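Student: Each chain is listed here by its residues.
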Amino acid sequence: MKKDLACMIFKLSGSELLGRVLTTGAAALAIISTVTIIAFISVKGLSTFIDNGISLKEFLLSSHWYPDRPLEEGGPQVGILAFVFGSVVVSTLAVILSAPLSIACAVFMVEIAPNWGQRLLRPAIEVLAGIPSVVYGYIGLSLLVPFIRENIGGLGFSVLAGFLVLSLMIIPTIVGISADSLKALPREWKEAAYALGSTRWQAIRLVLLPAARSGLITGIVLGLARAFGEALAVQMVIGNTRKIPASILDPVTTLTSAITMDMGNTPMGSLWNNALWSMGLLLLAISCFFIIIIRFVANKGGIAQ
Amino acid sequence: MKKTKWIVLAVLCLAALAALAGCGGRDRQGTAGNRPQLSGNITAVGSTAMQPLVEQAANQFMAKHPNVKIVVQGGGSGTGLTQVAQGAADIGNSDIFAEEKDGIDASQLVDHQICVVGMAAVVNPAVNIDNLTRQQLVDIFTGKITNWKDVGGPDQKVVLVNRPKASGTRATFKKYALGGAEEAAGIEEDSSGTVRKIVKETPGAIGYLALSYLDGSVKAIKLDGVEPSKENITSGKYPVWAYQHSYTKGKPSGALEAFLNYIMTDEVQKSIIPQLGYIPVTEMKVVRDASGNVKSK
Numbered sequence: 653m654k655k656d657l658a659c660m661i662f663k664l665s666g667s668e669l670l671g672r673v674l675t676t677g678a679a680a681l682a683i684i685s686t687v688t689i690i691a692f693i694s695v696k697g698l699s700t701f702i703d704n705g706i707s708l709k710e711f712l713l714s715s716h717w718y719p720d721r722p723l724e725e726g727g728p729q730v731g732i733l734a735f736v737f738g739s740v741v742v743s744t745l746a747v748i749l750s751a752p753l754s755i756a757c758a759v760f761m762v763e764i765a766p767n768w769g770q771r772l773l774r775p776a777i778e779v780l781a782g783i784p785s786v787v788y789g790y791i792g793l794s795l796l797v798p799f800i801r802e803n804i805g806g807l808g809f810s811v812l813a814g815f816l817v818l819s820l821m822i823i824p825t826i827v828g829i830s831a832d833s834l835k836a837l838p839r840e841w842k843e844a845a846y847a848l849g850s851t852r853w854q855a856i857r858l859v860l861l862p863a864a865r866s867g868l869i870t871g872i873v874l875g876l877a878r879a880f881g882e883a884l885a886v887q888m889v890i891g892n893t894r895k896i897p898a899s900i901l902d903p904v905t906t907l908t909s910a911i912t913m914d915m916g917n918t919p920m921g922s923l924w925n926n927a928l929w930s931m932g933l934l935l936l937a938i939s940c941f942f943i944i945i946i947r948f949v950a951n952k953g954g955i956a957q
Numbered sequence: 255m256k257k258t259k260w261i262v263l264a265v266l267c268l269a270a271l272a273a274l275a276g277c278g279g280r281d282r283q284g285t286a287g288n289r290p291q292l293s294g295n296i297t298a299v300g301s302t303a304m305q306p307l308v309e310q311a312a313n314q315f316m317a318k319h320p321n322v323k324i325v326v327q328g329g330g331s332g333t334g335l336t337q338v339a340q341g342a343a344d345i346g347n348s349d350i351f352a353e354e355k356d357g358i359d360a361s362q363l364v365d366h367q368i369c370v371v372g373m374a375a376v377v378n379p380a381v382n383i384d385n386l387t388r389q390q391l392v393d394i395f396t397g398k399i400t401n402w403k404d405v406g407g408p409d410q411k412v413v414l415v416n417r418p419k420a421s422g423t424r425a426t427f428k429k430y431a432l433g434g435a436e437e438a439a440g441i442e443e444d445s446s447g448t449v450r451k452i453v454k455e456t457p458g459a460i461g462y463l464a465l466s467y468l469d470g471s472v473k474a475i476k477l478d479g480v481e482p483s484k485e486n487i488t489s490g491k492y493p494v495w496a497y498q499h500s501y502t503k504g505k506p507s508g509a510l511e512a513f514l515n516y517i518m519t520d521e522v523q524k525s526i527i528p529q530l531g532y533i534p535v536t537e538m539k540v541v542r543d544a545s546g547n548v549k550s551k
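Here the protein sequences come in this chain order: A and B. My numbering applies: residue 653 is where the first sequence begins, and numbers increase by one. My numbering applies: residue 255 is where the second sequence begins, and numbers increase by one.
Calculated directly from the structure, the hints in this document are not laboratory data.
Computed beta-carbon distance windows for the label pairs:
{"#": "1", "chain 1": "B", "residue 1": "Gly-479", "chain 2": "A", "residue 2": "Ala-691", "range": "58 to 66 Å"}
{"#": "2", "chain 1": "A", "residue 1": "Thr-688", "chain 2": "B", "residue 2": "Lys-524", "range": "46 to 54 Å"}
{"#": "3", "chain 1": "A", "residue 1": "Ser-694", "chain 2": "B", "residue 2": "Lys-539", "range": "48 to 56 Å"}
Selected chain A positions facing chain B (in silico; Cβ < 8 Å):
{"#": "4", "residue": "Pro-719"}
{"#": "5", "residue": "Pro-798"}
{"#": "6", "residue": "Gly-891"}
{"#": "7", "residue": "Thr-893"}
{"#": "8", "residue": "Arg-894"}
{"#": "9", "residue": "Pro-919"}
Here the structure is a predicted model, which means the values were calculated and not measured. Each residue gets a CB set at the ideal place from its N, CA and C atoms; glycine is no exception.
Construct all of the structure, not just a fragment, from the sequences and the given hints.
Tutor: Right under this line is the structure:
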């Protein structure tokens, strides 16, 4: 045994050993931090249900959020339906607007104008990804909100403003992944389509887009996940009204913005604080759900990853 | 070649030595004055309403005591109380009494009331109303009145701009202006600065601000005919005001005690505090306890 071990160490001596230790260590660190974060959020988040005895149904399906209401007035209540609704509506609308635009952009970049698409469009879109979200929020607050108020109606702080800002923010995510998966398609497929007499539009629509489908869906789902998690920019333009909106021009609030508004203001261990952790746990569960979808889609598609 | 290198190195070493010696000399001078220098780090966290005041006092204090470093952060009264109770901050700034906050053990905190700030309902300048009765104010904030024409204003929808549930300004306003009534859902913003911006820009908006945030861009409303002025607050006529508390965990000592004492000197009480729109605690003719009972001094 000892000899074997010595033999192994000898084999891995020098830079080989160092490299191995470094990479294994880094990988282990990534796994450990993920696991500990998930464990921590779960413990904190589940205590709403275990320690405070709030039922999951009440938590998810009630829209009465009065964590500070005294017992004699019927409180405290922690129903987060309004927040979940806001998050779902704002991010779904953002993706509905952003996905077709982004995929068109990716097609243009890869198939129609690869030359200046790669040279100009790609860096331009990458810059969009690099703009800090507070800047998006501030532009939204200073330009978009007054614009909506004066030209469309309502207060300006609205679902509309929220999803417009978000849809711009997730364009780079979707474009990047879609363009990569389109580029990864074998050249021959396009050439075969042309050889069969199809026009460029037919080749794109009937051959390339379906073939890259799993990559496109991955991009869209990642965009949706990003939209769900975005806090700051959205918080600045949606008005944060804790009520289910009746129209697209009404203010709304999201899970992330509800967490950031109250976070730090609540004593550790109180029901209020635990409820915020539960909301965090819900966000984590949602993003895990999205990641599972992506795994599923990517395995099924099998062509372009 | 080699020789020049050595000479350069030697000169550099000498220079470094000289610099070090210089430093040492100054250090000795500092302590030789037989006056122990205050030193230490202080973090003050909490109420955004108090932030400008504490920041300015801290800057002046640091200019006098260069070895003391004071970091002032916002975050809200709830954050201040929570952080100081957990020992994460040295000073927790709060608009509300620690006793009023659930989940905070007030008995281990020491209250330093440094000044008083009034709070007023503010409206968009285009709303031509400058007085509301208390009942009207309650009806507006609880959502019973939704149009300004019901209280003699223009035919315009009321837009509520609230602070988050954990804000100290909100707690004070709810307690002393609304008599504890719960507000209807409205726009919610987590800083006074944003509330002012929104009330200024949104037609029909009403919110509430600490008087220190008033700069003429929004209109403060009289309550039952009483103007939210310094005289009315010190005499107890205008009820919507709060102490600005700096809480410490246990009795402060060293630099922390010196800083808190400095805030109570005339240098701060008579100049910075009125300049920033606060009221010196020394000028109050009434006192209030944690349960809200007011009596004259």
